[in-house]
Amino acid sequence: MSTILQLVVSGVLIGSVYALMSIGLTLIFGVLRIVNFAHGEFLMIAMYGAWAISHWLGLNPYAAAIAVVPAMFLFGAIAYRLVVSPGLDKPHLVVVFATMALSIFLQNAALMLMTADLRDVPPIFARSISVGSVYIKGELLLGFAITLACTIGLQWMIKRTYLGKAIRATVQDGEAAMLMGIAVPKIFLITFAVGSAMVGLAACVMLPLFSVFPTVGLNFVLIAFVIVVLGGMGSIEGALLGGICVGVVQSLSGYYVAPAFGQLFFFLLFLLVMIFRPNGLLGQKGAAMLGMNE
Amino acid sequence: MRTVKATSEGAERMPWLPRRGRISWFEIALLLGCAGWVGFGFAPSLQDVTILTFLFAGLALAWNIAGGYAGLISFGHAAFFGIGAYASTILLLRYNLTPWIGIFVGALAAAIAGSVLALICARLKGPFFILSTLAFAEVVRIAALNWSSLTGGAEGLSIAPMPNLASMVLASKSGYAALMLGYLALAYVITRFVEASRFGFYLLAIRDSDEAAAAAGINPLVVRTSAMALSAALTGMGGTLFAQYFLYLDPTYVVSPELSFQFALLPAVGGLGTVIGPILGSFLITPLSELLRSHLGNAAAGLHLVIYSFGLIVVMLYFPSGIAGALDRLKRRRSPP
Numbered sequence: 001m002s003t004i005l006q007l008v009v010s011g012v013l014i015g016s017v018y019a020l021m022s023i024g025l026t027l028i029f030g031v032l033r034i035v036n037f038a039h040g041e042f043l044m045i046a047m048y049g050a051w052a053i054s055h056w057l058g059l060n061p062y063a064a065a066i067a068v069v070p071a072m073f074l075f076g077a078i079a080y081r082l083v084v085s086p087g088l089d090k091p092h093l094v095v096v097f098a099t100m101a102l103s104i105f106l107q108n109a110a111l112m113l114m115t116a117d118l119r120d121v122p123p124i125f126a127r128s129i130s131v132g133s134v135y136i137k138g139e140l141l142l143g144f145a146i147t148l149a150c151t152i153g154l155q156w157m158i159k160r161t162y163l164g165k166a167i168r169a170t171v172q173d174g175e176a177a178m179l180m181g182i183a184v185p186k187i188f189l190i191t192f193a194v195g196s197a198m199v200g201l202a203a204c205v206m207l208p209l210f211s212v213f214p215t216v217g218l219n220f221v222l223i224a225f226v227i228v229v230l231g232g233m234g235s236i237e238g239a240l241l242g243g244i245c246v247g248v249v250q251s252l253s254g255y256y257v258a259p260a261f262g263q264l265f266f267f268l269l270f271l272l273v274m275i276f277r278p279n280g281l282l283g284q285k286g287a288a289m290l291g292m293n294e
Numbered sequence: 001m002r003t004v005k006a007t008s009e010g011a012e013r014m015p016w017l018p019r020r021g022r023i024s025w026f027e028i029a030l031l032l033g034c035a036g037w038v039g040f041g042f043a044p045s046l047q048d049v050t051i052l053t054f055l056f057a058g059l060a061l062a063w064n065i066a067g068g069y070a071g072l073i074s075f076g077h078a079a080f081f082g083i084g085a086y087a088s089t090i091l092l093l094r095y096n097l098t099p100w101i102g103i104f105v106g107a108l109a110a111a112i113a114g115s116v117l118a119l120i121c122a123r124l125k126g127p128f129f130i131l132s133t134l135a136f137a138e139v140v141r142i143a144a145l146n147w148s149s150l151t152g153g154a155e156g157l158s159i160a161p162m163p164n165l166a167s168m169v170l171a172s173k174s175g176y177a178a179l180m181l182g183y184l185a186l187a188y189v190i191t192r193f194v195e196a197s198r199f200g201f202y203l204l205a206i207r208d209s210d211e212a213a214a215a216a217g218i219n220p221l222v223v224r225t226s227a228m229a230l231s232a233a234l235t236g237m238g239g240t241l242f243a244q245y246f247l248y249l250d251p252t253y254v255v256s257p258e259l260s261f262q263f264a265l266l267p268a269v270g271g272l273g274t275v276i277g278p279i280l281g282s283f284l285i286t287p288l289s290e291l292l293r294s295h296l297g298n299a300a301a302g303l304h305l306v307i308y309s310f311g312l313i314v315v316m317l318y319f320p321s322g323i324a325g326a327l328d329r330l331k332r333r334r335s336p337p
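So the sequence lines, in the order shown, correspond to chains A and B.
Everything in the first sequence is counted per the numbering used here, starting at 1 for the first residue and increasing by one.
Everything in the second sequence is counted per the numbering used here, starting at 1 for the first residue and increasing by one.
With the rest of the complex left out, here is chain A (with noise of 0.2 Å):
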């Protein structure tokens, strides 16, 4: 029982992080209806700015967010000018493979510049905190919080704000929304870079969990898309929720069955729940059979 338990908790907390990554994936394609191929990309600079930080300059990871969330804040505010705004207009495949390329690119530039070498930071808490039968690792524990913190953050500024007003008419009408006043090109920007710097903050959590290397976006993209999916697309509750499935479902698969069947598990939830329920569990009703942005 208590085995169960600890492994339930361990689930939750770890998709917590998981969701805390995937909370700019979900705003971006909540807002702007693209996909960006790149975002795991993003966490991996994020997470090599993070440890350059505490490596160089003895910070602890969660400090360095001070200068990694702005930093990030500004490069999803470029990227999006370069890569992102010029493909807006053209059929959504072009942003699909634009993004594509983009992460390519930062992939094999943090290759030259960082080569392949594992890099990680020494763990920040000396012993994990007992409730209990249950141990939890201080780090998740403190990325849960952060997690939770976030999604109430962002859902008070999106409801309560007028940047939040203007980023919904955005989403609900995009040429209403002009017709209103709202510089809908500007709302765009400022939610992929808002994207950006929430990855950010997920990269200064991760780090100490875990190590960075240039490929190690790959593996967390994929684990993102499979939270935002099955939160429902552009749902932040929703990507709260879907990580919290997907760690547990790690967490259990990879005990009783194997820890290399871990993502296998999750996939194939993916894919059963694109049969059973396309539109995620919170998300809008008839998005996945819309396309969204045809």
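By construction, these hints were calculated from the structure, which means they are not laboratory data.
Just so we're clear, the structure is a prediction, and the values are computed from it rather than from any experiment.
Beta carbons are placed, not taken as given, at the ideal position from N, Cα and C, and that holds for glycine.
Mixed in with the good hints there might be a few duds.
[Claimed, not checked] Ranges of calculated distance between the beta carbons of each label pair, as one might list FRET restraints: (1) B/Ser197 with A/Gln6: 58 to 64 Å; (2) B/Ile28 with A/Ala176: 49 to 55 Å; (3) A/Leu272 with B/Arg198: 33 to 39 Å; (4) A/Ser211 with B/Arg293: 22 to 28 Å.
[What the hints assert, rightly or not] These stretches of chain A come out as covered by chain B in the derived footprint (C-beta under 8 Å, 3 or more residues): (5) 95 to 102; (6) 105 to 117; (7) 225 to 235; (8) 258 to 270.
[To be verified] To give an idea of the chain A side of the interface with chain B (calculated C-beta under 7 Å), a few residues: (9) Val35; (10) Val83; (11) Pro86; (12) Gly87; (13) Lys90; (14) Met274; (15) Ile275; (16) Pro278.
Using the hints, position chain B against chain A.
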């Protein structure tokens, strides 16, 4: 600012309607040129490049049947490639079945997998479809990596390098080049045939609008499934040829997402939904990337892919209808209707 142009010709549309049924002398000349290139021998340093270029041109054509004509943008074709490669290789190694038959068994297995994928994604569009194909390929990849008793696991499978026509292990590179050119020609003829047939019209109809096609009496599910099956079968054949050429199957390459992206990028660069596009894409990109790799690969790991992907971004953003589209526009400008 762009001036307003009539779009009835389809010049501004992408992917545009192909001009079907006409024999293209350019394409015939290109194929004959390739045959001459193989027949009269070529510089040994270019052998590998030539073989890969022909193979990937055929694979790009195969992808294009689903992705270009039917609008089923798949990032999971490496799964079919891997299924074809593993099927024929396992049959050869275990049951000593010649790959000349195994290639068709592999194609059949890939076609079945393609139909399954099409049925899974029956109602999905846009990013949902793309991500599902990606997940499907991941399932196949993880299975190939972990089902060690069948696939050899992470070590992969190797075929004995003993030249023997019966086991499709050829002694000379020219032989392989001819084999790959044959595959390219097969993919070309099938694409031409599809394009000129009623089935080809169905593909374009479901690409442009599922609903309108269904209203006109086409069953989108049947058309999607058969397009995917045909495309997967051809891709599976390419997988067998790949295995027979390299004589080694590495699951981290044969079923990798990178390979799936490669299959999709070649037609996208060349021009989606055209016969000549995928061929031109491979003829341009494959030698270029091999050349960059051999010249820059030693100097700095990754530099060739940095240059390559930078070029791709520029091409995708500024020539979204590919080389074929650019050529088409040039032709139109020279001879106004």
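Verification of the supplied hints:
| no. | hint | result |
| --- | --- | --- |
| 1 | B/Ser197 with A/Gln6: 58 to 64 Å | holds, 60 Å |
| 2 | B/Ile28 with A/Ala176: 49 to 55 Å | holds, 53 Å |
| 3 | A/Leu272 with B/Arg198: 33 to 39 Å | holds, 35 Å |
| 4 | A/Ser211 with B/Arg293: 22 to 28 Å | holds, 27 Å |
| 5 | 95 to 102 | holds (count 6) |
| 6 | 105 to 117 | holds (count 9) |
| 7 | 225 to 235 | holds (count 4) |
| 8 | 258 to 270 | holds (count 8) |
| 9 | Val35 | holds, 4 Å |
| 10 | Val83 | holds, 6 Å |
| 11 | Pro86 | holds, 5 Å |
| 12 | Gly87 | holds, 5 Å |
| 13 | Lys90 | holds, 5 Å |
| 14 | Met274 | holds, 5 Å |
| 15 | Ile275 | holds, 6 Å |
| 16 | Pro278 | holds, 6 Å |
Checked against the numbered hints given earlier, the structure satisfies every one of them.
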